[in-house]
Amino acid sequence: MSDIALRFHKDVLVLSAPPVVALERLGVDTAADLEFTLLFEPDTVEEAYRLEAMGGAQCLVTATAGLTPARLARVRMEEQGPQLARVALEALAPFKPQHVLVELGPCGLPLDPSAKASLMEHCDQYARAGRMFDGLEFDGFFLNGFGDCTSLKCALMGLAKVSDAPTFASVDVDGAGMLPSGETLEDAVRVAEELGAAVVGFQTAADADEAAKLCARACAAGTLELPVMAQMAVEPGGAYGNADALADAAAVLCAAGAQFLRASGQATAACTGALVAATLGMDVARNVGDATGQE
1326 MSDIALRFHK DVLVLSAPPV VALERLGVDT AADLEFTLLF EPDTVEEAYR LEAMGGAQCL
1386 VTATAGLTPA RLARVRMEEQ GPQLARVALE ALAPFKPQHV LVELGPCGLP LDPSAKASLM
1446 EHCDQYARAG RMFDGLEFDG FFLNGFGDCT SLKCALMGLA KVSDAPTFAS VDVDGAGMLP
1506 SGETLEDAVR VAEELGAAVV GFQTAADADE AAKLCARACA AGTLELPVMA QMAVEPGGAY
1566 GNADALADAA AVLCAAGAQF LRASGQATAA CTGALVAATL GMDVARNVGD ATGQE
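Per the numbering used here, the very first residue in the sequence shown carries number 1326; after that it's consecutive.
Worth flagging that the hints you see were computed from the coordinates, not collected in a lab. Treat the hints with care, since some could be wrong.
Said to hold, decoys possible - Only pairs whose alpha carbons sit at most 25 Å apart, straight line, appear in this in silico SDA-like list of lysine to any residue:
hint: 1; residue 1: K1486; residue 2: D1449
hint: 2; residue 1: K1335; residue 2: A1576
hint: 3; residue 1: K1421; residue 2: L1461
hint: 4; residue 1: K1486; residue 2: A1398
hint: 5; residue 1: K1486; residue 2: Q1408
hint: 6; residue 1: K1538; residue 2: E1519
hint: 7; residue 1: K1486; residue 2: E1519
hint: 8; residue 1: K1421; residue 2: D1336
hint: 9; residue 1: K1486; residue 2: P1438
hint: 10; residue 1: K1538; residue 2: V1577
hint: 11; residue 1: K1486; residue 2: L1436
hint: 12; residue 1: K1486; residue 2: A1395
hint: 13; residue 1: K1421; residue 2: R1332
hint: 14; residue 1: K1441; residue 2: P1394
hint: 15; residue 1: K1441; residue 2: R1515
hint: 16; residue 1: K1421; residue 2: Q1383
hint: 17; residue 1: K1441; residue 2: K1486
hint: 18; residue 1: K1421; residue 2: G1381
hint: 19; residue 1: K1538; residue 2: G1566
hint: 20; residue 1: K1335; residue 2: A1610
hint: 21; residue 1: K1538; residue 2: D1573
hint: 22; residue 1: K1486; residue 2: A1452
Claimed, not checked - Here are the computed distance ranges between Cβ atoms for each label pair:
hint: 23; residue 1: D1499; residue 2: S1443; range: 23 to 33 Å
hint: 24; residue 1: S1439; residue 2: P1367; range: 37 to 47 Å
hint: 25; residue 1: R1375; residue 2: D1354; range: 13 to 23 Å
hint: 26; residue 1: H1334; residue 2: D1499; range: 24 to 34 Å
hint: 27; residue 1: L1605; residue 2: A1357; range: 34 to 44 Å
hint: 28; residue 1: F1361; residue 2: S1443; range: 25 to 35 Å
hint: 29; residue 1: L1364; residue 2: T1548; range: 34 to 44 Å
hint: 30; residue 1: Q1423; residue 2: A1357; range: 30 to 40 Å
hint: 31; residue 1: G1562; residue 2: G1507; range: 20 to 30 Å
hint: 32; residue 1: L1351; residue 2: D1608; range: 31 to 41 Å
hint: 33; residue 1: E1511; residue 2: E1372; range: 34 to 44 Å
hint: 34; residue 1: E1511; residue 2: R1350; range: 31 to 41 Å
Where is the CB? At the ideal position from N, CA and C, for every residue including glycine.
Whole structure, please, built from the sequences with the hints as guidance.
Here's what the structure looks like:
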């Protein structure tokens, strides 16, 4: 497996879209049966990734957002964690991806930032999830979908206890760069940087111009100039309703400093293909001039 760190600050790379849309078209109830399908019908999951691979995504993302113990317990599969980790990676192997990222989402437990026990339990969720991938081949962890800095901090600390793999850290923000918690994108970038994230990023449904401003702000927020990921949330009637809109957004975001791009939400393989086509051969343009996307 290639070392993704060797590509930081070099060429622009596209991540595969979430497999949710493809799996639902194949008849899977992803809200209830994703882990069951992964474990007992891995061919179905493999089929969901086939078009993503054909679209040219350089980084395939595992279908493991729910692999923290608390989330596995909700679907009564807490004992199958290590097996799920293995089959999730095996589902991507036939496509010989350039890079593989292991996605982990918020664990879903209540969090009291003032209670040491609560913080420790959150950290432990991600440490236990990280251990499920011991001895397996992948390029890095992808912490995705976080809506507050404390949860992100716990996730980074937990993974750091058990793995030295590069960690990508992404938070959800609106067009003004605000997390659901009321914290800012800059707050999240600084937390990620302080706790050893290798890549910082955000997910937003805001249009390309607003997203480019967010990208420039992320570039300017830290002191280490970490690579930046921009995820465009595809929604019905939203800013990224077709491939052309995504291709146009890709150019604007890359000009603002993004290295990693992903179509998320209700994105399909066609969305991934549009991003790949728009960025193929493109190098990173690091721009931290005034945090507006302009030099």
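Now for the hints, and whether the structure bears them out:
With a C-alpha separation of about 9 Å, the suggested pair K1486 and D1449 falls inside the 25 Å cut-off, and the hint holds. Taking the CA atoms of K1335 and A1576, the gap is near 16 Å; set against the 25 Å cutoff, the hint holds. This hinted pair checks out: K1421 and L1461 have alpha carbons roughly 15 Å apart, not beyond 25 Å. For the suggested pair K1486 and A1398, the alpha carbons sit about 22 Å apart, so the restraint of at most 25 Å is met.
Between K1486 and Q1408 the alpha-carbon distance is near 21 Å, which keeps this suggested pair within the 25 Å criterion. Proposed proximity of K1538 and E1519 is supported: the alpha carbons are some 23 Å apart, at most 25 Å. Taking the CA atoms of K1486 and E1519, the gap is about 15 Å. The hint holds against a cut of 25 Å. Taking the CA atoms of K1421 and D1336, the gap is near 19 Å; set against the 25 Å cutoff, the hint holds.
A C-alpha spacing of about 20 Å is found between K1486 and P1438, which places the hinted pair at or below 25 Å, so the restraint holds. With a CA separation close to 10 Å, the supplied pair K1538 and V1577 stays within the 25 Å bound. In summary, the hint linking K1486 to L1436 is supported, as the alpha carbons are separated by about 20 Å, within the 25 Å threshold. Taken as a hint, the K1486 and A1395 pair is honoured in the structure, with Cα atoms around 18 Å apart against an allowance of 25 Å.
A C-alpha spacing of about 18 Å is found between K1421 and R1332, which places the hinted pair at or below 25 Å, so the restraint holds. The suggested pairing of K1441 with P1394 holds, with an alpha-carbon distance near 19 Å, which does not exceed 25 Å. A distance of roughly 22 Å separates the Cα atoms of K1441 and R1515; the hinted pair therefore holds under the 25 Å criterion. Note on K1421 and Q1383: the hinted pairing holds, with a Cα-Cα distance of about 10 Å set against a maximum of 25 Å.
Annotation: proposed proximity of K1441 to K1486 holds, straight-line Cα distance about 17 Å (limit 25 Å). At roughly 11 Å between alpha-carbon atoms, K1421 and G1381 fall within 25 Å of each other, so this suggested pair holds. With a C-alpha separation of about 20 Å, the suggested pairing of K1538 with G1566 holds against the 25 Å cut-off. With a C-alpha separation of about 9 Å, the suggested pairing of K1335 with A1610 holds against the 25 Å cut-off.
Restraint check for K1538 and D1573: the C-alpha separation of about 15 Å stays at or below 25 Å, so the hint holds. In summary, the hint linking K1486 to A1452 is supported, as the alpha carbons are separated by about 6 Å, within the 25 Å threshold. Our hint of 23 to 33 Å for D1499 and S1443 holds, since their Cβ atoms are close to 27 Å apart. Checked against the hint of 37 to 47 Å, the C-beta distance between S1439 and P1367 comes to roughly 43 Å, which is consistent with it.
Between R1375 and D1354 the CB atoms are about 21 Å apart, so this pair conforms to the stated range of 13 to 23 Å. The hinted window of 24 to 34 Å between H1334 and D1499 holds, with their beta carbons roughly 28 Å apart. Remark: the range hint 34 to 44 Å for L1605 to A1357 is upheld by a beta-carbon distance near 38 Å. Separation of F1361 from S1443 is about 30 Å and conforms to the stated range, judged on CB atoms against 25 to 35 Å.
Restraint check, L1364 to T1548: a C-beta distance of roughly 43 Å satisfies the suggested window 34 to 44 Å. Restraint check, Q1423 to A1357: a C-beta distance of roughly 32 Å satisfies the suggested window 30 to 40 Å. About 26 Å separates the C-beta atoms of G1562 and G1507, a value consistent with the hinted range of 20 to 30 Å. With their beta carbons about 37 Å apart, L1351 and D1608 fall inside the hinted range of 31 to 41 Å.
Checked against the hint of 34 to 44 Å, the pair E1511 and E1372 passes, with Cβ atoms roughly 41 Å apart. Range check, E1511 to R1350: Cβ separation about 38 Å, and the 31 to 41 Å hint holds.
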